[in-house]
Amino acid sequence: MFSHLLLATDGSEHSHRAADKAIELASLSTDASIEIIYVVDGNTSKSDVLHYGDSQMASRKREEMLSVFKEKIEQAGIPARVTILHGIPAETIIEYANHHPFDCLIVGSRGRSRVQTMILGSVSHKVIKHVNLPVLMVK
Amino acid sequence: MNFTEKLKMEWLGNIRGDILAGIVVALALIPEAIAFSIIAGLDPIVGLYASFCICIVIAFIGGRPGMISAATGAMALVMITLVADHGLEYLLAATILTGLIQLIFGVFKLASIMKFIPRSVMIGFVNALAILIFTSQLQHFVDETWIMYALVALTLVIIYVLPRFTKAVPSTLVAIIVVTALAIFMNAGVRTVGDMGNLPQTLPMFALPNIPLTFETVRIILPYSLALAIVGLLESLLTASIVDDMTDTDSDKNKESRGQGIANMITGCFGGMAGCAMIGQSVINVKSGGRGRLSALVAGSVLMFLILVLGSIVVQIPMAALAGVMIMVSIGTFDWHSLRNLHRVPRTDAIVMIVTVATVVYTHDLSKGVLAGVVLSAIFFAVKISKVKVEAVMEEAESVKIYRVKGQLFFASVTDFLASFHFNDEVKRVIIDVSEAHLWDDSAVGAMDKLQAKFEQKGVEVSIRGLNKESSRLMERIGGLSKASGH
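Chains as they are written, first to last, in UniProt numbering: chain A, 1 to 139; chain B, 1 to 487.
This is chain A alone, in the form it adopts within the complex (with noise of 0.2 angstroms):
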């Protein structure tokens, strides 16, 4: 019944315990595939193009992050596929959803301060509500 996952990442530590929970989500049924999406936004631009010199090798140095992901959840023996994106985290992750036919949509919760949340909104709180699809929030 949960199939077509898209789990969503940051690639922080929380991130890693919500690509365990979609495994093991995935494991449940035999054709199951994962989608693992990751989205640019203007800070971690200029924070990656900083530390990484150019746009070229901070978008390699993501895609050896994601791989990462991608290999998890190969060697689980499900197929997976990376996506990278550019724009505002959650709009852009809610678009993504709500227009392709996933099953679920994982995320984690990175548990901010409630003055950071105040400042910086919470990126899995917003997805959840405006998404159209079942959505598992990995603590």
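BS3-like mimics (lysine-lysine), calculated; alpha carbons at most 25 angstroms apart, straight line:
1) B:167 - B:287
2) B:384 - B:406
3) B:406 - B:469
4) B:387 - B:454
5) A:126 - B:287
6) A:139 - A:126
7) B:167 - A:126
8) B:287 - A:129
9) A:61 - A:72
10) B:8 - B:255
11) A:129 - B:167
12) B:287 - A:61
13) B:389 - B:406
14) B:255 - B:6
15) B:458 - B:389
16) B:255 - B:115
17) A:61 - B:115
18) B:428 - B:454
Pairwise CB distance ranges (calculated):
19) A:12 - B:174: 31 to 39 angstroms
20) A:85 - B:153: 31 to 39 angstroms
21) A:24 - B:411: 53 to 61 angstroms
22) A:24 - B:305: 54 to 62 angstroms
It should be emphasised that the hints constitute simulated quantities derived from the structure, not laboratory data.
This one's a predicted model, so the numbers in the text were calculated from it and none came from an experiment.
Every residue gets a Cβ at the ideal spot worked out from N, C-alpha and C, and that includes glycine.
Fit chain B to the supplied structure of chain A, relying on the hints for placement.
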């Protein structure tokens, strides 16, 4: 895609998004342009004219559609002493010369030089910029009452908290309107933009700087122009890469360098200060949906229009509101990531970053910090790479000794390299295995010659094994020369 199609795409490919984003950017630019003028010690209008001219010129001839260029903090900080010592006219001349230098840089396609600037220096550059923007605001707090602090705090709270509730209007604009209204109605008597200088409601006029065209003038402005050109290109090309990354498209860095040059030359002729691309504004532009050249054109035009229409209100903006905006700009400019990871990056990279920041904070000149960072990185690199490992192995009943050399042989490493050999060993033959080494220069070849000569003096036969192609070519060329000349 042919030329006209590309041009059409860059101008008309995203009309709605570009116009909306352009308006948002114009509103965000006004307080920054005014604040940067005040940092440089100029009338607010100088930064506004610069932002207007640069934004519009770059819209037409820049190499990175979607990027916003205007009067910036980085440039303002470099020009402070020139303005203080010699005044506006000299700054305008320096601005034109800055443009000329940048144009030459672009024409000779030198944008690739940027890769010689280590990343830790770039990180130091933005962090130093953030710190200087912050400290430049402290003067506005001197001799002020609690009202100043309260208004700054209010500005910051609105800027950071409002986006949680609505993103329809830029929060900096709301903060400025609220704080300005409050200051006017409370009759708080705080300092305003009008107290800092003139804001004539007229379009910029063409005029060449009114200065003597002498060698003495060039001597005064050239150091500033060089520093401005370097700082401007650094920030512009960095910003171009960031916009490349945000939009997942490529851009022409040499064209951008030429565009920045022409934009500064024109700005200098219209009474504006030198500027460059702005990281913060470009991110705002892309986030607001701006992708094409149209957004920069709209931003520049709307900015000038607003100043012409609303100039009398703009002068009533309290300095507290601007200081708040500048504190936000400095927080946004600082690369917090680098602070969190300071203990994780290689020690030498961390030192380079800190030295870059410290040099800038001490000299108040971003270009000196970059120079110090680059030189220090080069020294660290030379030290790291000049570590040569020499392993000695005895073979065949003590009569043959093999030295295995690992590393890069060049001027900085030959001294240590030569010191690793023992010339007094009782051996018949010495084999120097350089298959894991590389000879780079004259000094390396000289060291090899010296080795051979010293061993031969002791009656030891020397052979070199495993020279790679490039190294042996170098040996033949230089070694052959020195032998032919009788050494």
